Amino acid sequence: MKYPEFKQPLNYAQVGTDILKWWQENGIFEKSVSSREGQPTFVFYEGPPSANGAPGIHHVMARTVKDIFCRYQTLLGKQVPRKGGWDTHGLPIELQVEKELGITKEDIGKKISIEDYNQRCRETVMRFKAQWDDLTQKMGYWVDLNDPYITFEPEYIESCWALLKKLYDKGLLYKGYTIQPYSPAAGTGLSSHELNQPGTYKDVKDTTIVAQFKVTQDEASEKLFAAAGDDLPVHILAWTTTPWTLPANTALAVGKNIDYVLATAENPYTHQKVAVVVAKVLLDKLVTVPNVGALAKQLEKDPLVQDPLKQAIATVESMRPKVVAEFKGADLVGIHYERLFGQDQGFPAFEGEERAFRVIPGDFVTTEDGTGIVHISPTFGADDFRAAQQADIPALLVPDADGKLGPIVDRTGRYVPQMGEFGGRWVKNYDGHDQSGADYKTLDESIAIRMRTNGTAFKTEKYEHTYPHCWRTDKPVLYYPLDSWFIKTTAVKDRLIELNKTINWKPESTGTGRFGNWLENLVDWNLSRSRYWGTPLPIWRTQDGTEEICIGSIAELEAEIEKAVAAEIMTHNPLRKPASSSPNEEADSQQPTANSSNKIDLHRPYVDDIFLVSPSGQPMYRETDLIDVWFDSGAMPYAQWHYPIENAEKFQKNFPADYIAEGVDQTRGWFFTLHALAVMLEDSVAYKNVIANGLVLDKNGNKMSKRLGNAIDPFATLAQFGPDATRWYMIVNAPPWDNLKFDPAGVTEVQRRFFGTLFNTYSFYALYANLDEFQTSEFDRVPHAELSELDRWVLSKLQSLVLEVRGHYDSYDPTKAARAIQDFVTDQLSNWYVRLSRRRFWKGELTADKRAAFETLQECLVVVAQLMAPIAPFFAEWLYKNMTDGMRAEAVAKNTPLAPESVHLTLLVEANEARIDKALEERMELAQRISSLTHSLRKKSVLKVRQPLQRILVPVLNESTREQVGKVEDLICAEVNVKHVEFLDDTSGVLVKSVKPNFKRLGQQYGPKLKVVGARIQQMTPEEITQLEKLGSLTVEVEGETYTLTTDDVEIRTQDLPGWLVATDGPLTVALDVTLTDELRQEGVARELVNRLQNLRKDSGLEVQDKIRVTLGNQQPELTAAVQSFGDYIRTETQALALDFAADVNGGVVLEFDDYNVPVRLEVATS
RNA sequence: GGGCUUGUAGCUCAGGUGGUUAGAGCGCUACACUGAUAAUGUAGAGGUCCGUGGUUCGAGUCCACGCAGGCCCA
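First residue of the first sequence: 1, per UniProt numbering; consecutive thereafter.
These are computed hints drawn from the structure, not numbers from a lab.
All figures in this text were calculated on a predicted structure; none of them were measured in a lab.
Check the hints yourself; a few may be wrong.
What the hints assert, rightly or not - Listed below are the simulated DSS-like cross-link pairs for lysine-lysine, each with C-alpha atoms no more than 30 angstroms apart in a straight line: (1) Lys-166 x Lys-688; (2) Lys-475 x Lys-404; (3) Lys-83 x Lys-599; (4) Lys-967 x Lys-996; (5) Lys-599 x Lys-165.
Whenever a hint applies, use it, and build me the whole structure from the sequences.
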């Protein structure tokens, strides 16, 4: 069986499609899993994509990263089941449907029923599934597409319910409120998506107030009063752009590390002298002092003022704030102050008031503007809410007519009646009332006036800033407390942090930084979404909220419905087929029911139409919220198996994941929800290793977008370059966690440089192996000990490569693995091993040496195929099959490592460390460097490589270098076309040495003196160097101090050979003997002739193995002499059976080289 | 505004624990080579290592403060 040969250039895309077809026909992916049955499992979780849009090139990136390690672990012998999945719920799908239908959320239930709307979502979400499946296959991402989990399926939702119930039973699910953007005019909460619509942020001019909060004198504040002195009242100043929130104030926040001052100043409205606390850097901004000159001029007009200037100075001085003390924010924490809008002034009391009105820390406090102290109203700010919660500060809530607690602003945007003189007033103009009257005051203005009057305002002014507005009503947004269901993640915060430390993050900083910080600042997980297409919250409540039930399964729901039917709260059980109805009637039914398709649908609206009965007999209604879609995806370790309803064993076997990978944008998404649920439900991590990959940008580093037209089409890319070059480029170019600048030119380069070289190497092997009808065997091989230096070298390198690449894959660094493989293939294997071994492959009979060359190259190619298989699975397969198909039958019969039909079914070779010969690798590097230096010298002397030279000289300072180079002398000679390598040592007396200070050592030893010592070393004389070498030490005197240098303090190297042309590379020096003898000249001529004849052969279209007869014109004596001396050589090289001279060469061509013009006739020898 | 991250040649990237002359590939220029040939070799041009301070005998590397890009979150 011959090795397949291919035309140059290879069609890599074709390789992809051919191999893909072969995989599919032979079920290779399935076998890669089934053949590992009974082996340890490597658990991988597929983060489900959403198929409502077309896949992009970044998906190729993300899925390549996923695929690599699953394939690698399979090569290690593990079983890697890979269940696919689809994320099907969520806002993007709703928005897409709304856009297509031309409706808004408000139309749902009016223009379109929830049922039809959800049906539309269901159809939309899988619209691009075919494209996704196609891409998945074409790019070679191995994942089970036949049995994916789908988040909208009832089993999946049921699992989510079961998990929610578990959390509920643990007391981790509760109803509370959270501060969200809210539009009073529209009466609805706004998503961050809606808030990010263009044009929502507008510049508005608002009344702003710097409020004075009067400090209570007690132990905590004593130091302030002591510093203020004179029985001055002490106030804390806080600035707000929303004065209407001041009556809801319950705390003040300071930055712990911010510097604050206590300063005496005058209140500009009451002219009362007060001591105020404010951030140090903001004091001068806050208190504006009039200009003395201007004030004096003004006072001159006043006849009562006797000395205007003196008076002006006195006034300004009295107004200028005086700093009397300084504090850190941390010193202020705990200080109490008096409520601004107290009960005594007609404002409502509230629960927990005794814990309110304290100074608390807040990490969001800045000194950008304001006072460096932030007024906190927990009901009207997200930061406020969080900081207050952490400091146990209550919110100011007042009861409504039903006794239900709520904020001081109602849902329409006006103050509740209890708000004293301001009761019932609009916070902002949400009803469009007339504002044109001369006496018209906004609520903010009224509050400002009141505060100026009663001395609680230090400053009021109009201020322009940007503020978000509702995109529908154009009215300002309120940050407002809205009901929500929460998962109490804060209860397990410490455990989340602790277990996170056991996860191997790539890159590490994402785990410690972005994710770690996120955990440190954890708040409870807000589960509620006021939407339609998603997993419904399985909680039913009585109207008054006193009784509730959390449903954990369909069976439980059925049972509860039965109770409700018995209690006559429901007429029938929609989950059960009515006993009376026949299948036909059901099919005819116009009214779709939850089980009309024979499958229970747990979505809205069906679950909304289910009412249950409470233990006390009250009807219970479902809480209308859906849950955050992130819960869906975070629940996939459980729900993909329909666990905990069933498949407990399967779940146990596949939890936690050994490995997951997604984009870094998932940090607070999937990475978090997986982790949180695993910790709360299983007290375990959900994944042990995780790669957070970066973005794919265009070649200029810009985000790809369809709008800008810079998006790369993944299908076109795969079709053009094939999947392997595309994948290889993405991985080799930058680590996955860095952003990738995708440049198609880079893919071309990878294709040419790496795949092209590898393909050439294979072609080279195939060509000559076929000529010799050689087929490598796994058994009958030339023993390793009998291999040539070069063979053993490349095999040593190969073993080192296996070690290195395994290490990189093991530590989830595919980029380093790819780079190591690429460097080996291009630099070592192709450009050194093959180049130097060329003639062994095509010269003469199939000797042991030739076989050794074939076998060595075969081993390298097969191992490379294995190593690259995770990254370039198609090409690796192609290479493996080409290299080993011919040995398969025997391999199968004897069950050897090459028995598997696919490289992806093999077991990755272990590095044979006994074959790693570091000394050999080292001396080969010497050979490479000496060759390079010699080439450089030839170039300088204008002596082409074809001209043989007598010798090169290599100065050696120690015996081991001499020995090392000696062993590779033949290789060097062949490579650079010289007859000998000669060594020069000290005894020759011609070496000129130089010395280089070892700064690292000297610095540690001499520190500051290093400079002078180093300079002195560089001035060392040859005699001193000799002395240092002989005695091992040298005493020198610099600037009056003596230093004893040892050989370790310097590096001695040869630098020059007087009279020779030399080249140096670090410690290596090479000189070239450029003397040409007649014999060398003749050999040079012979080589030229060989070269021209080879070209002629090639130009004449001869096959490599064709034999020829050559006739040369004999006019030139030198040429004749050369041919006579080197006739055998020429005949062998050109495969000439005859090489004759003739006076007249008819029908030939003329070869031109050097000074010769040689007529020549070349005939194919028929026998 | 906060957290994380990146910044080294025209481009893509390397540069353990600080060591004086900062590298590779591609691209460019020139020359050579040519049974691997859309390959290869040699040489050359090309750098304020983002900036400013600091620590140190010595900083691309450590520290601080900035600038610019990116992501996430407000």
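Output the numbers, in ascending order, of every earlier hint that fails for this structure.
No hint contradicted; all consistent.
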